[in-house]
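Visitor: Protein chains in written order, with this note's numbering: chain F, 1 to 319; chain P, 1 to 170; chain S, 1 to 147.
Careful: at least some of the hints might be erroneous.
Within a straight-line C-alpha distance of at most 20 Å, the following computed EDC-like cross-link-like pairs (lysine to aspartate or glutamate) qualify [said to hold, decoys possible]: (1) S:K138 / P:E25; (2) S:K138 / S:E104; (3) P:K116 / P:D65; (4) P:K112 / P:E148; (5) S:K114 / P:E105; (6) S:K138 / P:E19; (7) P:K106 / P:D96; (8) F:K302 / F:E146; (9) P:K106 / S:D113; (10) P:K125 / P:D65; (11) S:K75 / S:E85; (12) S:K138 / P:D96; (13) P:K112 / P:D95; (14) S:K138 / P:E105; (15) P:K112 / P:D41; (16) S:K114 / S:E82; (17) P:K106 / S:D119; (18) S:K73 / S:E104; (19) S:K15 / S:D119; (20) P:K119 / P:D65; (21) P:K112 / P:E68; (22) S:K15 / F:E60; (23) S:K138 / S:E85; (24) P:K137 / P:E148; (25) P:K106 / S:E104; (26) S:K114 / S:D81; (27) P:K127 / P:E161.
Here are some, though not all, of the chain P residues that point toward chain S, as calculated from beta-carbon distances under 10 Å [claimed, not checked]: (28) P16; (29) A31; (30) R35; (31) S37; (32) M52; (33) C79; (34) S100.
None of these hints come from the bench; they were simulated from the model.
Just so you know, even glycine gets a beta-carbon here, dropped at the ideal spot from N, CA and C.
Listed below, chain by chain, are the residues.
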Amino acid sequence: MPDSLSLLVSVLVFPGGFFALGLGLLIKGVDRRVAARLQRRVGPPLLQPVFDLIKLSRKETMIPAQASGAIFRWVPLVGLSAMVLASAMIPIGGVYSPSPELGDLLVLFYLLAVPAVVLMLAGSASGSPFGAIGFSREMAIMLAYEGPVLLALLSVAIRVGLGEGHLISLSLTEIVRYQQLHGAFLLDPWMWPAVLSFLCFFPANLGVLPFDIPEAETEVLEGPLLEYSGPSLGLFKMMSAVKAVVVLGLGVALFCPNGPDGVLGLALFVVKCTVLAVLGVTVVRTGMGRMRIDQAFYFFLKWPAALGIASLVIVLVRL
Amino acid sequence: MSFFLPVLLRNLFQGPSTEAFPFAEAYTPAAMRARVSFNPDSCALCRVCARMCPAGAIQLEKRPDGLEFILWHNACVFCGLCVHYCDSEALHQTDDWHLSHLQAEKYAMVEKAVVKFQKCSTCGKQKMPAPLPLMAKLYPGLAADEIERLRAMCPQCRKAESAPVQGETP
Amino acid sequence: MNAIKPSLASRLSTKSPWLYRINAGSCNGCDVELATTAIIPRYDVERLGCQYCGSPKHADIVLITGPLTARVKDKVLRLFDEIPEPKVTVAVGVCPISGGVFRESYAIAGPLDKYIPIDVNIPGCPPRPQAIIEGIAKAIAVWQSRI
Numbered sequence: 001m002p003d004s005l006s007l008l009v010s011v012l013v014f015p016g017g018f019f020a021l022g023l024g025l026l027i028k029g030v031d032r033r034v035a036a037r038l039q040r041r042v043g044p045p046l047l048q049p050v051f052d053l054i055k056l057s058r059k060e061t062m063i064p065a066q067a068s069g070a071i072f073r074w075v076p077l078v079g080l081s082a083m084v085l086a087s088a089m090i091p092i093g094g095v096y097s098p099s100p101e102l103g104d105l106l107v108l109f110y111l112l113a114v115p116a117v118v119l120m121l122a123g124s125a126s127g128s129p130f131g132a133i134g135f136s137r138e139m140a141i142m143l144a145y146e147g148p149v150l151l152a153l154l155s156v157a158i159r160v161g162l163g164e165g166h167l168i169s170l171s172l173t174e175i176v177r178y179q180q181l182h183g184a185f186l187l188d189p190w191m192w193p194a195v196l197s198f199l200c201f202f203p204a205n206l207g208v209l210p211f212d213i214p215e216a217e218t219e220v221l222e223g224p225l226l227e228y229s230g231p232s233l234g235l236f237k238m239m240s241a242v243k244a245v246v247v248l249g250l251g252v253a254l255f256c257p258n259g260p261d262g263v264l265g266l267a268l269f270v271v272k273c274t275v276l277a278v279l280g281v282t283v284v285r286t287g288m289g290r291m292r293i294d295q296a297f298y299f300f301l302k303w304p305a306a307l308g309i310a311s312l313v314i315v316l317v318r319l
Numbered sequence: 001m002s003f004f005l006p007v008l009l010r011n012l013f014q015g016p017s018t019e020a021f022p023f024a025e026a027y028t029p030a031a032m033r034a035r036v037s038f039n040p041d042s043c044a045l046c047r048v049c050a051r052m053c054p055a056g057a058i059q060l061e062k063r064p065d066g067l068e069f070i071l072w073h074n075a076c077v078f079c080g081l082c083v084h085y086c087d088s089e090a091l092h093q094t095d096d097w098h099l100s101h102l103q104a105e106k107y108a109m110v111e112k113a114v115v116k117f118q119k120c121s122t123c124g125k126q127k128m129p130a131p132l133p134l135m136a137k138l139y140p141g142l143a144a145d146e147i148e149r150l151r152a153m154c155p156q157c158r159k160a161e162s163a164p165v166q167g168e169t170p
Numbered sequence: 001m002n003a004i005k006p007s008l009a010s011r012l013s014t015k016s017p018w019l020y021r022i023n024a025g026s027c028n029g030c031d032v033e034l035a036t037t038a039i040i041p042r043y044d045v046e047r048l049g050c051q052y053c054g055s056p057k058h059a060d061i062v063l064i065t066g067p068l069t070a071r072v073k074d075k076v077l078r079l080f081d082e083i084p085e086p087k088v089t090v091a092v093g094v095c096p097i098s099g100g101v102f103r104e105s106y107a108i109a110g111p112l113d114k115y116i117p118i119d120v121n122i123p124g125c126p127p128r129p130q131a132i133i134e135g136i137a138k139a140i141a142v143w144q145s146r147i
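Just need the whole structure built from these sequences, with the hints factored in.
Guide: What follows is the structure in structure tokens.
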């Protein structure tokens, strides 16, 4: 049936699957290049993440003797498929609206939690003490950042819902349509606490400084990913690239999805994701050092949580 | 973060400070002390270099007509002791640091030369060579042809010959 | 040597060699130079696609410094087995190649190529960062014939 075929195409080819993977790898390449320029270095070519993946596919996979074999092998695939599915749920301006059969904002929020859980399972299934440390730190920071970002999402959803007449609107398509009619939330100062709370969530979710404690190289020898090599590691890198697109696309959809239709709108979406990546991830990661896990945990319980509660109160009081 | 933002902006405008190596020539300082080079014509076979080398990189092996100087670059730590203690200026540190090689060439990274024993021009006995820089230090101010004549003699003949030359009464 | 031109996948894979350091009892001089090539903007190895990784399982080019001291020998050999094929081993500094100044010492378990197959040697004490980059470039050429 053409309906399920178009669903399959939207998940596997555009905007999910290949498009999301390609965009994610490109954004990662841009991130590394810009970070190098900010540090007065030259940096790798833009296609470097692609070369990394090709190289990883040609290495051998080693499974440690004390690992739980089945979980160790299958967990990266679970994470990648969750992210591919989530990338089909992100609306793009005037170009693509996700089918309501895929799910709404809450389903997307739960899918966003899957990569963190996958990383935790990978760490504990490795059977190494560094993996176990990575597992506990990933759990701590995930618990810390999930609260504030949920508050930010809810404030946007309630703002759109109240604007449309009912209490809350959990459909991303409606959120995008509301902003195309009434102006982007990024330009509305009353929504800036939600924007700031979402910006704090970026580095923590994407595992970059200052919140990359679970995967810290110098401290826990790459934590949960320690025992992964070859194609399995490549699957993790792909999951991380698609997750970057999902999170950036979600940020763009929630706060500034306005744009023209057609190819121009798609190009603008790509540019917006890249700009958001450079400002929200690259500049932050080159300008800050790594926080300890307890510092990061308390940080999230203080400032992003306060910003999230403030934005929720503002939205409920004003409308 | 606020501390670093002006630094990052400044870095963006200043551009990369990366050296172009390996895509272009690397800067080598003039006083770079790298690979040791040996000049066999200046060697007096005193063997101080082999004694001083902390890594045992220099060996002098007996050959039928002299001694062979062998310096293994893979054991040399570029300390310069051999250069410092060589009185006849046979050893120099060049600025060549392009020494990386494949494993197959590991034992081919040597500086080798045979320094032959000589025959005394007066008594015909076998003697060690007397290089020019050493002779210049021993007999400062002597004419070049006189030095050449003394060089060709063994130490005993040279002593007998040179003492009156220096003005001492025999 | 290779008469067959390496495949496209092979040529693209050589653009991303990941480096891993093993300190086999080194005085840390060579490790400082390796850190220098990684960190300071002047000798950016990331241009060649290189990246220092924290786990041996992610490594492609193994940089070993230090004469193999007797105390660390078993650990280094165990760690070396953890690195997946295909890999290239580079001995950095004169210590792993010949023992360096510690050559006749009782604490050294011999030059490294008695236990581990080495592919590229970078002599020096310590070698210049540029010399290390040159050695890594040679190692990448060796690696291309294996991947």
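Visitor: Next step is simple, just say for each hint if it's right about the structure.
Guide: Consistency of the hints with the structure:
{"no.": "1", "hint": "S:K138 / P:E25", "in the structure": "holds, 16 Å"}
{"no.": "2", "hint": "S:K138 / S:E104", "in the structure": "violated, 30 Å"}
{"no.": "3", "hint": "P:K116 / P:D65", "in the structure": "holds, 5 Å"}
{"no.": "4", "hint": "P:K112 / P:E148", "in the structure": "violated, 27 Å"}
{"no.": "5", "hint": "S:K114 / P:E105", "in the structure": "holds, 16 Å"}
{"no.": "6", "hint": "S:K138 / P:E19", "in the structure": "holds, 19 Å"}
{"no.": "7", "hint": "P:K106 / P:D96", "in the structure": "holds, 17 Å"}
{"no.": "8", "hint": "F:K302 / F:E146", "in the structure": "holds, 13 Å"}
{"no.": "9", "hint": "P:K106 / S:D113", "in the structure": "holds, 11 Å"}
{"no.": "10", "hint": "P:K125 / P:D65", "in the structure": "holds, 13 Å"}
{"no.": "11", "hint": "S:K75 / S:E85", "in the structure": "holds, 19 Å"}
{"no.": "12", "hint": "S:K138 / P:D96", "in the structure": "holds, 17 Å"}
{"no.": "13", "hint": "P:K112 / P:D95", "in the structure": "holds, 19 Å"}
{"no.": "14", "hint": "S:K138 / P:E105", "in the structure": "holds, 13 Å"}
{"no.": "15", "hint": "P:K112 / P:D41", "in the structure": "holds, 13 Å"}
{"no.": "16", "hint": "S:K114 / S:E82", "in the structure": "holds, 19 Å"}
{"no.": "17", "hint": "P:K106 / S:D119", "in the structure": "holds, 10 Å"}
{"no.": "18", "hint": "S:K73 / S:E104", "in the structure": "holds, 17 Å"}
{"no.": "19", "hint": "S:K15 / S:D119", "in the structure": "holds, 19 Å"}
{"no.": "20", "hint": "P:K119 / P:D65", "in the structure": "holds, 11 Å"}
{"no.": "21", "hint": "P:K112 / P:E68", "in the structure": "holds, 7 Å"}
{"no.": "22", "hint": "S:K15 / F:E60", "in the structure": "holds, 18 Å"}
{"no.": "23", "hint": "S:K138 / S:E85", "in the structure": "holds, 18 Å"}
{"no.": "24", "hint": "P:K137 / P:E148", "in the structure": "holds, 14 Å"}
{"no.": "25", "hint": "P:K106 / S:E104", "in the structure": "holds, 19 Å"}
{"no.": "26", "hint": "S:K114 / S:D81", "in the structure": "holds, 15 Å"}
{"no.": "27", "hint": "P:K127 / P:E161", "in the structure": "holds, 16 Å"}
{"no.": "28", "hint": "P16", "in the structure": "holds, 7 Å"}
{"no.": "29", "hint": "A31", "in the structure": "violated, 14 Å"}
{"no.": "30", "hint": "R35", "in the structure": "holds, 9 Å"}
{"no.": "31", "hint": "S37", "in the structure": "violated, 15 Å"}
{"no.": "32", "hint": "M52", "in the structure": "violated, 12 Å"}
{"no.": "33", "hint": "C79", "in the structure": "holds, 8 Å"}
{"no.": "34", "hint": "S100", "in the structure": "holds, 4 Å"}
In this structure, the hints that do not hold are numbers 2, 4, 29, 31 and 32, in rising order.
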